[in-house]
Amino acid sequence: MSVLIDSLLAILIVYLALQCLLAPRLTQTVFLFFAFGLALALAWVRLGAVDVAITEAAIASGFLGVLFLDALRDFSFITSGKQESSDAANHSVSKKKPAFLSLPGVVLVLGLGLFLLITLEAVWKVPESGGLTAATEALLPESGVENPVTAVLLNFRAYDTWLEMGVILLGLLAVMAVGGIKIFPVHRKTPEDPVLQQVILFFTPILFLFGAFLLYFGKNGPGGAFQAAVLWGAIGILLHLGGRPVLTVIPRWLSQLLLIMGIGFFLMLGFLLLAGGASLFEYPPSYAGVLILIIETLAAISIAVTLVSVFVHLNQLNKEESN
Amino acid sequence: METTSFLPLLILISSLVPGIMILLLREEQFAMRTFLNLFGAVAKVALVGWVFAGYLSGEEYNFIFRLAPDLTFALRLDALGLFFAALSSALWLITTLYAIGYLEGGLHRNRFFAFFSLCVTASTGIALSGNVITFFIFYEFLTLSTYPLVVHKGTDEAVAAGRTYLWYTIGGGTILFLGVVGLYAVAGPIYFGQTEIIASLISEYPTQLTILFFLVLAGLGVKAAIFPLHGWLPVSMVAPAPVSALLHAVAVVKAGAFGIVRLVYDVYGIGVAEEMNFLSVLAVFAAFTIIYGSVRALYQNDFKKRLAYSTVSQISYIALGVAIPGALTSTGAIVHLVHQGLMKITMFFAAGNVAETYGHKKISELNGIGRRMPLTMGAFTIAAFGMIGVPPVAGFISKWYLGLGAVEAGSYWVVLVFLASSALNAAYFLPIVYRAWFCEPDHEVVERLRSGRLETQALLLIPVVVTGILSLTSGLFAAVTGSPLSIAREIIEKFYLL
Amino acid sequence: MTGLPTSPLPALLVGFPILLAILTLFFRPGVKALVGLAGCLLTALLAFIAFVEVTQRGTVIHTPGGWDPPLGILLRMDALAAVFIGMTALVGGFISLYAWRYLRAQDPATGGYPLFWPLWLFLWAGLNGLFLSNDLFNLFVTIEVISICAVALAVLSGKAGALKAGLRYLLAAITGSMAYLFGVALLYGSTGTLDLDHLGQVLEPGTTTTFALLVVTLGLLIKMAGFPFHFWLPPAHSNALAPVSALLSALVVKGAFYILLRLWMEVFGVGITYAAGQLIGLAGAIAVIWGSWQAFMQTSLKLLVAHSSVAQLGYLLMIFPLLILPPGVTADSADWLSVTWTGGVYQVISHAIAKASFFLSAGIVIMAVGHDRIESLRDLVGNMRITSMAIGLAGVSLIGLPPSGGFVGKWMLLKGILLSGQWWWAPVVVAGSLLTAGYVFMLLRLAFAPAREKEPFRPVPKTLEVVALLLAVSSFLIVFPADYLIQFLENSEIFGSGIEAVLKGGFYGND
Amino acid sequence: METYQIYSITSGVLFVIGMGGVFLSKHFIKKIIATIIMGSGVFLAFVSFAERDALSFADPVPQALVITGIVVAVASAAFALALARRIYQLTGEESFTIEK
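First to last, the protein sequences are chains A, B, C and D. Numbering follows full-length UniProt numbering, in which position 317 of the first sequence is assigned residue number 317; successive positions increment by one, without gaps. Numbering follows full-length UniProt numbering, in which position 388 of the second sequence is assigned residue number 388; successive positions increment by one, without gaps. Numbering follows full-length UniProt numbering, in which position 411 of the third sequence is assigned residue number 411; successive positions increment by one, without gaps. Numbering follows full-length UniProt numbering, in which position 40 of the fourth sequence is assigned residue number 40; successive positions increment by one, without gaps.
A few of these clues could be false.
Below 25 Å or equal to it, Euclidean Cα-Cα: the simulated SDA-like pairs (lysine to any residue) are [as the list claims (entries may be wrong)]:
hint: 1; chain 1: C; residue 1: 462; chain 2: C; residue 2: 104
hint: 2; chain 1: B; residue 1: 494; chain 2: B; residue 2: 207
hint: 3; chain 1: D; residue 1: 26; chain 2: A; residue 2: 113
hint: 4; chain 1: A; residue 1: 125; chain 2: D; residue 2: 1
hint: 5; chain 1: D; residue 1: 26; chain 2: A; residue 2: 110
hint: 6; chain 1: A; residue 1: 125; chain 2: C; residue 2: 198
hint: 7; chain 1: D; residue 1: 26; chain 2: A; residue 2: 46
hint: 8; chain 1: C; residue 1: 159; chain 2: C; residue 2: 25
hint: 9; chain 1: D; residue 1: 26; chain 2: A; residue 2: 15
hint: 10; chain 1: B; residue 1: 362; chain 2: B; residue 2: 465
hint: 11; chain 1: A; residue 1: 125; chain 2: C; residue 2: 204
hint: 12; chain 1: A; residue 1: 125; chain 2: C; residue 2: 218
hint: 13; chain 1: B; residue 1: 362; chain 2: B; residue 2: 457
hint: 14; chain 1: B; residue 1: 361; chain 2: B; residue 2: 104
hint: 15; chain 1: D; residue 1: 26; chain 2: A; residue 2: 104
hint: 16; chain 1: C; residue 1: 462; chain 2: B; residue 2: 21
hint: 17; chain 1: A; residue 1: 125; chain 2: A; residue 2: 114
hint: 18; chain 1: A; residue 1: 125; chain 2: C; residue 2: 462
hint: 19; chain 1: C; residue 1: 462; chain 2: B; residue 2: 29
hint: 20; chain 1: B; residue 1: 494; chain 2: B; residue 2: 327
hint: 21; chain 1: B; residue 1: 361; chain 2: B; residue 2: 440
hint: 22; chain 1: D; residue 1: 26; chain 2: A; residue 2: 24
hint: 23; chain 1: C; residue 1: 159; chain 2: D; residue 2: 26
hint: 24; chain 1: A; residue 1: 125; chain 2: D; residue 2: 92
hint: 25; chain 1: B; residue 1: 361; chain 2: B; residue 2: 426
hint: 26; chain 1: A; residue 1: 125; chain 2: C; residue 2: 274
hint: 27; chain 1: B; residue 1: 362; chain 2: B; residue 2: 231
hint: 28; chain 1: D; residue 1: 26; chain 2: C; residue 2: 161
hint: 29; chain 1: C; residue 1: 462; chain 2: B; residue 2: 25
hint: 30; chain 1: B; residue 1: 361; chain 2: B; residue 2: 298
hint: 31; chain 1: A; residue 1: 125; chain 2: A; residue 2: 66
hint: 32; chain 1: D; residue 1: 26; chain 2: A; residue 2: 105
hint: 33; chain 1: B; residue 1: 494; chain 2: B; residue 2: 202
hint: 34; chain 1: C; residue 1: 462; chain 2: C; residue 2: 25
hint: 35; chain 1: D; residue 1: 26; chain 2: A; residue 2: 125
hint: 36; chain 1: C; residue 1: 462; chain 2: B; residue 2: 231
Derived coverage of chain D by chain C (criterion: at least 3 residues anywhere in the stretch with Cβ under 8 Å from a Cβ of chain C; other residues may be distant) [stated by the list, open to error]:
hint: 37; region: 17 to 27
hint: 38; region: 81 to 94
Since the hints were made in silico from the structure, they are not lab data. Bear in mind that the values here come from a model prediction, so they are computed numbers and not experimental data. For each residue, glycine too, the CB sits at the ideal point set by N, CA and C.
Given the sequences, and given the hints that come with them, work out the whole structure.
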């Protein structure tokens with residue numbers, strides 16, 4: 001029974017992935033991408049990885065999906081603008097051979113097929129190893145938290161997680177480096193949309209509370225900083241779309257402080273520990289739980305602000321163009 | 001290897017540092033530049049003289065610096081190296097004087113004199129190298145420092161010549177690199193004189209060592225302008241006269257010839273080279289080049305180009321002398337390093353003087369030039385007789401030893417080559433001498449006669465006279481202790497007695 | 001691991017630049033550049049302290065969080081890491097100085113690309129982190145930090161060409177990372193460890209191991225622009241701002257090479273066959289010839305330099321076939337191993353310095369004449385003596401002529417080739433040198449040629465010229481510590497003996 | 001067949017689909033999505049091994065790695081998206097094909 005469910009889910013995932021890439025229209029691609037993400041989240045649940053499932057649904061499918069959706073306004077605008085020409089182009093293309101029927105195409109597809117076979121052979125033959133489950137289990141009591149995933153993320157491999165916070169911040173810096181927008185531009189008044197306003201009023205507290213819940217209980221059960229951050233970030237995105245650009249209201253230094261708070265505190269804590277003769281991020285065992293909660297909270301705020309900023313930048317890119 | 005001395009390094013620095021300093025000067029700092037130049041040149045001659053004296057009294061001078069495992073920078077003085085160093089430094093001093101006069105008022109003099117100094121640094125470096133890798137370092141350094149000199153005029157012709165020069169020398173350098181690395185891979189670090197290393201390995205790796213010998217030989221053959229690798233030499237005579245003098249007499253072709261001497265005597269050893277028949281191959285190529293260069297020289301109307309082909313021919317005397325085993329030919333070869341240098345530098349100075357003073361570059365324009373420039377053409381005539389092998393000029397001595405050695409070794413065909421070459425030398429030099437002294441000058445020449453007391457500037461005249469006299473005296477007094485010949489004999493005695 | 005001394009320096013080498021990067025965010029553009037520059041110089045100083053520490057104490061380690069591997073992550077600073085960190089500091093320090101002046105001159109309106117500084121400091125931290133990391137997944141995170149910073153820096157000019165090249169670069173980089181990570185997943189699945197030392201001990205030969213080796217190598221080849229994955233490099237490197245081009249060519253691509261070297265030598269002993277080595281060597285050989293030829297054919301200065309990077313990276317790939325013994329040869333008789341890998345590392349350093357100088361000089365020329373056709377070099381010698389010297393010296397080092405650092409690198413590579421008996425690589429080295437000489441002297445010939453029409457050379461800040469020249473001179477000066485560096489690498493207990501241990505432990509079990 | 005094997009096989013398929021997609025798709029957005037699919041394959045492999053090695057809980061280390069990995073992949077994708085949109089804005093190009 002369970003094999004059947006898993007097999008069907010696996011086939012669905014592969015089907016959605018293929019369709020996503022083969023869909024003729026970008027809109028379809030993006031919606032199929034949402035569906036792919038949700039199916040994948042189900043797969044994580046089936047594999048007992050609830051933390052991963054929440055992360056997948058929240059960030060990979062949710063946040064990234066929203067970014068793609070926002071981008072569609074850009075690209076689908078041209079398809080509508082060049083509707084006739086692109087339709088004509090489509091017709092002429094369909095008369096010609098599709099690209100993958102040309103010789104290099106055939107070679108590539110055959111090569112990929114061969115590669116797939118080798119990949120499957122390799123994946124099938126992975127020897128058993130036992131992983132690091134036992135090692136984690138043995139050290140979990142010393143970690144200060146009960147959720148083993150949180151323990152790995154914020155204690156055993158805290159160094160990775162700290163660098164990863166850096167990557168998120170870098171994501172924002174990189175988006176800013178693309179240019180085309182001023183940092184935190186002054187907001188232009190958009191017409192009030194009563195439905196959106198209602199949605200915002202309704203969802204803001206719920207998202208906030210749910211995020212806080214995920215954050216706090218991430219210590220013991222599934223959930224944690226990243227998941228909470230996305231929910232809080234969603235508040236910011238909603239507010240922005242509803243004409244309430246939170247990030248432009250607060251002073252610049254404050255928003256910058258919010259951005260770097262997570263990684264900054266984490267690092268300063270690490271340096272303090274270094275100065276005290278311990279290793280970087282080597283928490284005193286009795287304070288580990290508290291410290292992890294503080295780090296997670298600050299990190300969640302920072303990540304939320306970062307995600308909102310990334311969204312605002314990408315969204316603003318479009319507005320500049322319409323000027 | 002035990003004692004370390006900074007003297008060899010100092011000899012290099014005496015031209016390296018002035019070179020770099022000149023590069024940083026402003027164009028109009030004439031006095032400073034001249035001072036640096038002459039100071040470097042004089043200091044170098046003095047240092048080489050001092051070291052030479054020290055060497056004769058049994059001192060050893062070594063400087064060793066490890067760059068990487070197996071990659072050791074070693075300067076070491078032996079008789080052969082000192083001989084070449086003395087030649088380079090002495091002729092450099094003379095050429096520097098000449099160049100100061102020649103380039104007066106020219107463009108980019110900083111660049112010129114800077115690279116001029118670097119070039120001589122490379123050349124003395126080659127002379128003082130204690131091992132194969134150091135030799136290679138300076139050999140390539142020489143290529144790099146001569147390139148800006150060849151293209152100095154900046155004309156399209158000069159730039160094109162520079163390109164040809166580079167392709168030949170960089171190509172040769174790369175082949176040499178391959179050979180040198182190969183030698184190190186097979187035999188480990190080789191210091192000059194340690195011929196026993198190769199001798200002990202030759203039975204184990206005959207193929208590899210044969211290939212490597214010819215790779216190294218080909219790399220050296222480019223600078224020594226052995227046929228068919230000589231193509232750059234006639235082309236690059238577009239460079240200013242002092243540069244040509246440098247290329248043909250002091251540095252570049254000499255570096256190649258000197259390298260061949262080192263390769264045969266100090267790396268492989270004469271025994272091995274003879275046994276494996278390397279020498280007969282070298283002899284064939286050298287002999288062919290001698291004839292080929294002379295024949296090509298016959299047909300050149302351009303004064304410097306004729307001299308250039310003559311160099312192609314004359315340098316191969318050295319290679320041929322090395323290739324015929326025997327003390328006499330070897331002595332001839334080594335003494336020819338110096339003799340050819342003296343004679344050829346005289347000829348290029350003379351050609352430069354004529355071109356600089358009267359603008360004549362073609363041989364057909366030289367009618368009667370001897371009366372206008374008696375000292376210059378007198379020196380030229382001495383050198384030309386020397387090249388032909390007329391006693392008692394220096395060239396006769398070299399040819400005598402080479403010919404005698406060939407007879408002793410039983411290589412009669414080589415004697416024929418020498419005779420043919422001498423005949424050809426006469427055929428292309430004597431017409432110049434004849435035109436200069438015995439033909440009536442063209443009218444325009446008379447009108448453009450200078451009014452000064454000297455036939456040309458003093459700085460152009462003195463060097464040519466000095467080298468002309470030296471060409472004569474080193475032949476006349478060849479038997480005297482301290483003459484090039486006596487030193488060459490001492491060097492060769494070591495190779496054949498040890 | 002317990003035997004090795006611990007030190008806080010590895011943690012500082014990563015943490016400190018990131019702290020500075022964060023700090024710079026708070027300052028106004030003009031001040032940001034100053035703070036950034038100060039930060040860079042301090043980071044360089046820290047790196048030199050760390051280098052000295054390793055020379056004094058040998059390998060030092062740090063375990064963030066205090067957890068030992070395989071659960072925790074180990075940072076290990078051995079001789080190899082120290083040399084790479086030192087190289088980054090030397091080249092990075094010079095480039096920072098140059099960037100400070102260059103960016104201000106290029107874009108005075110916005111205070112000189114203020115985002116450069118946090119991104120560069122992050123990049124530096126990522127590079128240090130990569131050199132120190134002893135953990136497969138942590139390596140992934142560091143290469144992602146490096147990739148994002150690198151692309152963000154590459155598109156900093158905001159021009160369409162740079163953006164397109166940047167997107168191409170980014171997509172290639174992500175693909176490479178994912179391929180690498182897939183291999184890591186399979187390795188973790190089959191061994192339950194991510195620690196390199198541990199992995200090297202427990203890894204068994206088999207289909208999965210071979211496949212993991214394949215995708216990891218593939219991913220890293222994409223990242224280091226190894227042939228045939230070099231397509232993204234020339235546009236990305238040539239469209240970036242001059243100091244960024246220098247950073248990308250000198251340092252960033254070396255990160256992937258570093259991981260590849262580490263993995264092949266320390267971990268993958270059981271999976272590598274002689275044929276695999278030959279294949280990667282072939283890729284390198286083609287890159288040398290093809291890249292040099294392309295460089296020779298370019299008419300744009302920066303594209304020429306960028307293609308030359310493709311070729312120079314090819315030389316680095318050519319050391320891999322030499323590190324694998326042919327069947328039947330024991331490690332004891334393989335006397336070329338140490339000369340080959342130390343030579344490869346030395347080649348990395350000398351290329352980094354020479355190429356950085358080359359790109360910086362190209363930036364100066366472009367600033368002076370306003371475009372980057374190589375014709376613009378005409379009469380450079382007459383107008384910009386210092387920059388001409390820098391190009392000449394850096395070019396000579398790239399060709400590998402003595403007495404430059406490139407010469408020592410090529411010497412060791414060629415010696416390794418000849419000693420190992422794999423003589424068929426020798427013609428590639430020779431041909432590569434000749435082609436390199438071809439394009440370098442093409443530039444120098446133009447530099448000496450008289451100007452056709454009087455194109456004015458605009459004045460350029462002297463600082464820029466001096467920095468480029470200093471780097472070029474350094475590419476010769478590194479010959480002096482060469483012996484010391486190579487001994488330092490050879491005597492490091494981790495790597496020097498490590499390779500022989502790997503070789504003796506059934507290197508060819510599955511041949 | 002065990003549960004984890006279904007998903008590890010799926011992971012291989014996704015990885016290859018994604019890799020093919022990066023090379024064969026034309027539109028920027030599709031190329032970016034292809035990298036995400038490729039990444040999903042990688043993450044699925046990690047987590048399938050976590051399930052295999054479960055004791056009282058699934059192996060947390062691969063899960064933590066995947067969470068980190070997802071965030072890193074999203075950051076890169078957002079950056080790529082910004083580049084793609086900006087390129088479109090400046091040149092009207094949606095794929096690399098026009099460029100050559």
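Now for the hints, and whether the structure bears them out:
1. 462(C) with 104(C): holds (14 Å)
2. 494(B) with 207(B): Judged against 25 Å, a Cα distance of about 29 Å means the pair is violated.
3. 26(D) with 113(A): Holds - the C-alpha atoms of residue 113(A) and residue 26(D) are around 20 Å apart, at most 25 Å.
4. 125(A) with 1(D): holds (13 Å)
5. 26(D) with 110(A): Distance of about 19 Å is within 25 Å: holds.
6. 125(A) with 198(C): holds (21 Å)
7. 26(D) with 46(A): violated (34 Å)
8. 159(C) with 25(C): Measuring from Cα to Cα gives roughly 23 Å; hence the hint holds.
9. 26(D) with 15(A): Measuring from Cα to Cα gives roughly 20 Å; hence the hint holds.
10. 362(B) with 465(B): holds (22 Å)
11. 125(A) with 204(C): Distance ~12 Å between residue 125(A) and residue 204(C) Cα, so the pair holds.
12. 125(A) with 218(C): holds (20 Å)
13. 362(B) with 457(B): holds (21 Å)
14. 361(B) with 104(B): holds (19 Å)
15. 26(D) with 104(A): holds (15 Å)
16. 462(C) with 21(B): At roughly 19 Å apart (the allowed maximum being 25 Å), residue 21(B) and residue 462(C) satisfy the hint.
17. 125(A) with 114(A): Roughly 17 Å between the alpha carbons, so the hint for residue 125(A) and residue 114(A) holds.
18. 125(A) with 462(C): violated (62 Å)
19. 462(C) with 29(B): With Cα atoms ~22 Å apart, residue 462(C) and residue 29(B) stay inside 25 Å; holds.
20. 494(B) with 327(B): Holds: residue 494(B) and residue 327(B) sit about 10 Å apart, inside 25 Å.
21. 361(B) with 440(B): holds (18 Å)
22. 26(D) with 24(A): Holds, at roughly 11 Å.
23. 159(C) with 26(D): holds (22 Å)
24. 125(A) with 92(D): Violated, because 47 Å separates the two Cα atoms, which is more than 25 Å.
25. 361(B) with 426(B): At roughly 20 Å apart (the allowed maximum being 25 Å), residue 426(B) and residue 361(B) satisfy the hint.
26. 125(A) with 274(C): holds (23 Å)
27. 362(B) with 231(B): holds (21 Å)
28. 26(D) with 161(C): holds (18 Å)
29. 462(C) with 25(B): holds (17 Å)
30. 361(B) with 298(B): Holds, at roughly 16 Å.
31. 125(A) with 66(A): At roughly 38 Å apart (the allowed maximum being 25 Å), residue 66(A) and residue 125(A) break the hint.
32. 26(D) with 105(A): holds (13 Å)
33. 494(B) with 202(B): holds (23 Å)
34. 462(C) with 25(C): At roughly 29 Å apart (the allowed maximum being 25 Å), residue 25(C) and residue 462(C) break the hint.
35. 26(D) with 125(A): Given that 25 Å is the threshold and the Cα spacing comes to 34 Å, the pair is violated.
36. 462(C) with 231(B): Not satisfied, since the Cα-Cα distance of roughly 42 Å exceeds 25 Å.
37. 17 to 27: Per the Cβ count (3), the hint holds.
38. 81 to 94: holds (count 7)
When the structure is compared with the earlier hints, violations turn up for hints 2, 7, 18, 24, 31, 34, 35 and 36 and for no others.
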